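Enquirer: Letter by letter, the chains look like this.
Protein chains: 4
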Amino acid sequence: MTVRVGILGATGAVGQRLIQLLEPHPDFEIAALTASDASAGEAYRDVAKWRVDTPIPDAVAEMTVGATEPDAVPNDVDLLFSSLPSSVGAAVEPDFCEAGYVVSSNSSNSRMAADVPLIIPEVNADHLDVLEVQRDDRGWDGALVKNPNCSTITFVPTLAALTEYGLERVHVATLQAVSGAGYDGVTSMEIIDNAIPHIGGEEDKLETESKRLLGTFDGAEITQHEMEVAASCNRIATLDGHLENVWVETDEDLSPEAAKAAMADYPALDLRSSPDPLIHVFDDLDRPQPRLDRTLGDGMAVSAGGHRESTFGLQYNCLSHNTIRGAAGASVLNGELLLENGYL
Amino acid sequence: MTVRVGILGATGAVGQRLIQLLEPHPDFEIAALTASDASAGEAYRDVAKWRVDTPIPDAVAEMTVGATEPDAVPNDVDLLFSSLPSSVGAAVEPDFCEAGYVVSSNSSNSRMAADVPLIIPEVNADHLDVLEVQRDDRGWDGALVKNPNCSTITFVPTLAALTEYGLERVHVATLQAVSGAGYDGVTSMEIIDNAIPHIGGEEDKLETESKRLLGTFDGAEITQHEMEVAASCNRIATLDGHLENVWVETDEDLSPEAAKAAMADYPALDLRSSPDPLIHVFDDLDRPQPRLDRTLGDGMAVSAGGHRESTFGLQYNCLSHNTIRGAAGASVLNGELLLENGYL
Amino acid sequence: MTVRVGILGATGAVGQRLIQLLEPHPDFEIAALTASDASAGEAYRDVAKWRVDTPIPDAVAEMTVGATEPDAVPNDVDLLFSSLPSSVGAAVEPDFCEAGYVVSSNSSNSRMAADVPLIIPEVNADHLDVLEVQRDDRGWDGALVKNPNCSTITFVPTLAALTEYGLERVHVATLQAVSGAGYDGVTSMEIIDNAIPHIGGEEDKLETESKRLLGTFDGAEITQHEMEVAASCNRIATLDGHLENVWVETDEDLSPEAAKAAMADYPALDLRSSPDPLIHVFDDLDRPQPRLDRTLGDGMAVSAGGHRESTFGLQYNCLSHNTIRGAAGASVLNGELLLENGYL
Amino acid sequence: MTVRVGILGATGAVGQRLIQLLEPHPDFEIAALTASDASAGEAYRDVAKWRVDTPIPDAVAEMTVGATEPDAVPNDVDLLFSSLPSSVGAAVEPDFCEAGYVVSSNSSNSRMAADVPLIIPEVNADHLDVLEVQRDDRGWDGALVKNPNCSTITFVPTLAALTEYGLERVHVATLQAVSGAGYDGVTSMEIIDNAIPHIGGEEDKLETESKRLLGTFDGAEITQHEMEVAASCNRIATLDGHLENVWVETDEDLSPEAAKAAMADYPALDLRSSPDPLIHVFDDLDRPQPRLDRTLGDGMAVSAGGHRESTFGLQYNCLSHNTIRGAAGASVLNGELLLENGYL
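Chains as they are written, first to last, in numbering that gives the first Met the number 0: chain A, 0 to 343; chain B, 0 to 343; chain C, 0 to 343; chain D, 0 to 343.
Bear in mind the hints are in silico, worked out from the structure with no lab data behind them. A couple of the hints might just be wrong.
[Unchecked claim] Heads up, simulated DSBU-like pairs for lysine-lysine below, C-alpha to C-alpha not over 35 Å straight-line:
{"#": "1", "chain 1": "D", "residue 1": "K210", "chain 2": "C", "residue 2": "K210"}
{"#": "2", "chain 1": "B", "residue 1": "K210", "chain 2": "B", "residue 2": "K259"}
{"#": "3", "chain 1": "A", "residue 1": "K48", "chain 2": "C", "residue 2": "K259"}
None of the values given here were measured: they were computed from a predicted structure.
Taking the hints into account, I'd like the entire structure generated from these sequences.
Expert: Below you can see the structure in the form of structure tokens.
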């Protein structure tokens, strides 16, 4: 028995990745695609500028794209993956939840709302049950689950592996790929032979989402982790894969060797899209590197390396594939968690 | 009256930049070029793979390259600029100093030696007089002066502007251009669609050289600044221009506005290659950018922008042209300082 | 006495280059800037995303941008440089000519019209007098002059140097820079680690404009050159500089040496922006290269190299800076020709 | 039953691709690795700088690398894949053949020798029997088979599909990836924001190898195809995938539609590494593109698109993965052909 799923915002870069991941997925079956009104009524092939590195699946290519509104999605669809622009997501995701759909969303709206689970399954699967609060509060038959921002997803699993040492202060500098801005987000003239030391709103996402993800849920509300986080974000000329430099100061002594062991031994999760190991640890000082390491674990692994003693605590680098682990794959994995936990 | 100068290691990337800067220089006249034994005796045109963005000057092109040893340099040359590989520099620079030559060197050897001035003229020109100690200790007629590493030169001027606030803790993450590794240092397969989170020995240079540069000289010895510095270095696919993300915690309160004012008002120096302003301050959050801003002040300015309040103190970004301000231009500027101070 | 000039479409990539070239120009004085209605009434600084590699001139930055219509341009402006999108150019350039303005346009509309001079001054300055026909036909007080497409401008001067050998068949393959598509024309995801073997409409421009430029004007009409031309156009990940591979078959025997001599000796023109030599000839097989050679002659020279005997006639490579020689500089040079010939 | 195979020159870029392709191959078992004397005696893991995008197979990583000489290869190895530098290949491949080994070589030495089969199995498998001549002439128990140069392999299959139309004149311009020069062949400073219109010896390979491949073998000798070919080769900033612009003039009329049909219908071959279809034909004018299309058919397909009527005959673009179809995969495919034809 497969779950019939739909994709809200199916023509964009993350939408295409969702199709690439969902089409061969044994538990999910693509049954609906939506896009902006301009594309509604057209065949997907004719409105999507397909750019991922596998051919567009034939069945999907011929599907008719619907408008992004509840009436345009068949009733027998149980789960919707949303990769809408955040302003659109803010406007329409509640309508779908009200209409009874469960939405696993990559859009940035509502990520920090008290009753919306913001989830990386390997890190805080227990936060999912804040959905009970959400349904009580909002009277929805459906549900809204969020995954974090792509740059947040990269470093939080490595911090999660170190929580027992008492996380206190974290500095993180990011070198982010252009795909994180969407297909048209960064022009070639902006980035060839260049780097841009600013991504609007990004630093705040790393700083706030990370504390929420590592926070605790007591059945009623989520208490944020008390560590302090400072982020500095840069765009560079890579296609995929966010690389991050991390300094972390802990309450307990934390040697590079202990940090590597804690990351390598971080428990895997028994969900189809969760890789084992979750964190691929390199001994090499010059790894991970975006092009060489972004596809580890089919793009769902996080990698880490260059662990060394810093002037201030521990220092290391980490990486994940921003449009798979950091976006489309994150939403799919949350979909698997929803299925596993009986929300579908 | 011009000073006759020579270039040790004239065929490499920094050697070419030295020629580009010295050829039109009103105070210096290129009178000697040296290279490895394999190139000695050949015309410069035939042994240098000329790659900077102005044509090779005709007079230089026809000069015969000498071996890198004191006997091969005419006696009437007073000042040598050295861009030798550090292992070669360590072996032969003392021979030149012993033979009476004043050497302004970009090579990394001996930069932290107690009696070798490590100088950014706008920051610590007063350290130059450690040459008196050097000549006493070593019995040289000549002298050896060093400029710092290219990545150090980028952020130290911005810190120098903030010293009155009491520098305590500094984190710096670098996004460095491929030219910093020399013409053949980074292959295209390593860096296209990629970034490398490691540059051998680089982090140590930022951490130690910065404290030395901001230290004090009492006429006998240099006392390092007591701030603590942690660096994380990355290579990215830019040709020229090192971009750096800085977090600085100070003893006194330091607002972004005060930091910008202190940088913009940092005093210029009356040396030919020193730009006014030294630090170009941007209001834009997304500046400086390597391609757009590396040639400010003919490549001798430092630029800074994105000043903001961080979770931990002040945060900003800075940039300089790594082969001009960070290497060849740094050595030329030290040559001007030596001339100004009567060491030639 | 300087000529007061205006720029139609001043905010785009070519508009910015026009400002960069015109601001220091001794014969021209920028007196009007126009843009789309959305920008009209604003200060130039506030509506242009300035991206060329010299700072925005202060005087220009503070100018108020006008709408792109004759009433919005002061009457004492004599010459307008147009870098409008071609659809806009087609709609409004005739209005300006009708209103008495002389327009030197880089826009592609009307380039092949029988009574519009399409000019590279060093190649076919004598075609300028087709303006007499234009004024007769159209009853304009003003005039409309065009420069060719950037990729056409690159190879036509090299062909012009070979006309005495009897040009018969020409194949040209282009490797074109992203700036040719405008600031936002090529996304980073399209071109990093990639090349695109198609540029809409470009091949036709090379094939038709080249025959027109090398044609003859008998005082009444222009007869196209009878050579045949086939073009294949590619976009690659360079910022500026179009590189072209050319094969040319001629009626007379043409050795590589003779071709090099003919190009090197091609006569320079006594106009301010015309470089001497016009064609920079390399002996090296691997030159010209975009990054190394695009700024020869302040970006107004064409360069050529790799001349060799081919299976079919002569083979060589050529290059020019597409936004200077190929666009903004081409229009400025045509402005100088108009001034020299008494049309202002 | 698997054939035990060895790799001569196993540490280079093509050697690594050979390991990547051979390790999962059902018919071949990697039993020997050789490299330069400096690496002999070391574990493969310690001497190879592994850079392909799948992890190094454990079994291979632990193998001891031997010297590149017949005595260092076990006798029960039947087939050797050679990716030696051509000067080394010229020196040692005959020794291996003399010692009884069958060598499938990617090295450029001896490709045009009259008694050495130069093979693309889908194009001229019948040339393989020139091995009978080779064995007679040279008295070898072993055999030497070559695949063509990577840039030749890209366009020859598309020409092979058109032979019935009477190929007469071919112009080809290439845009070649940096991996074609080996891991260290192109520095980053040479190619970022740049293109190089020259690859030493490359044009001659396209012009001569193509005529040989499309030639006929009468059981005694190979007669070259009488078409004329002119090539112009460029290096661009792509990692993998050679893109080529082709003009072809034929004796019979050849419409773009007929050319597309002939390519799409070109017969596939029943060898494991030969894809079906061999030639992937695009309707899109802007395809194939290196990054999007190089992995079609697991990197063994050729793709073609942009078919259009040219001033001179037919024009189109084609692409193949230069280190898979154009090098390592080509050698493996020739190995499969040797096995199929009883030469092992």
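Enquirer: Determine for every hint whether it applies to the structure shown.
Expert: The hints, checked one at a time:
no.: 1; hint: K210(D) with K210(C); verdict: 34 Å, holds
no.: 2; hint: K210(B) with K259(B); verdict: 22 Å, holds
no.: 3; hint: K48(A) with K259(C); verdict: 45 Å, violated
Hint 3 alone, counting from the list given before, is not met by this structure.
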